[in-house]
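Model the full assembly from the supplied sequences, consistent with the hints where possible.
The sequence shown begins at 1 in the numbering used here and counts up by one.
If you are wondering where the hints come from, they were derived from the structure by calculation, not from laboratory data. Each hint can be trusted.
Mimicking DSS-like on lysine-lysine, the simulated pairs with C-alpha atoms at most 30 Å apart in a straight line are: (1) Lys-102 to Lys-72; (2) Lys-125 to Lys-55; (3) Lys-68 to Lys-55; (4) Lys-126 to Lys-72; (5) Lys-2 to Lys-55; (6) Lys-68 to Lys-126; (7) Lys-55 to Lys-126.
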Amino acid sequence: MKFRTDKYILIPISMAIGMVIAGILLSYLMPSFSGVGLIIAGTMLIVTGVYVATKPIEHFMPDERINKNTDKAGYHAFWIMASVVIILNLIDMFTSVSIEYKYAGHLIFIIGIFSLYTLRWYYNKKGGL
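Here it is in structure tokens:
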């Protein structure tokens with residue numbers, strides 16, 4: 001198995017190794033701070049980096065169809081999020097329910113991300129012109 005050793009692989013893997021080392025040092029030097037999160041995140045990044053290093057760089061370059069579908073999905077996901085904000089404003093204006101956006105912001109963000117990935121999957125599956 002051949003590994004790529006360009007800067008796009010070595011820099012993220014070295015940063016991930018640094019995260020693991022920092023997590024181990026923090027857990028030993030400061031017992032009240034748990035560095036388990038850094039260790040797990042660094043390990044996941046190392047595994048991902050090794051997986052990416054085994055693939056050729058051409059494997060990760062999107063073609064024009066993928067770019068077009070991603071742009072189209074992002075455009076429609078934005079309008080879905082804008083519609084959700086408008087609906088929440090109308091609910092707030094015409095009912096006695098008081099909606100605070102510091103709590104509704106998470107919902108809007110989740111709807112936007114979910115709609116982006118769902119629409120991107122749909123447009124890639126649909127294909128066509």
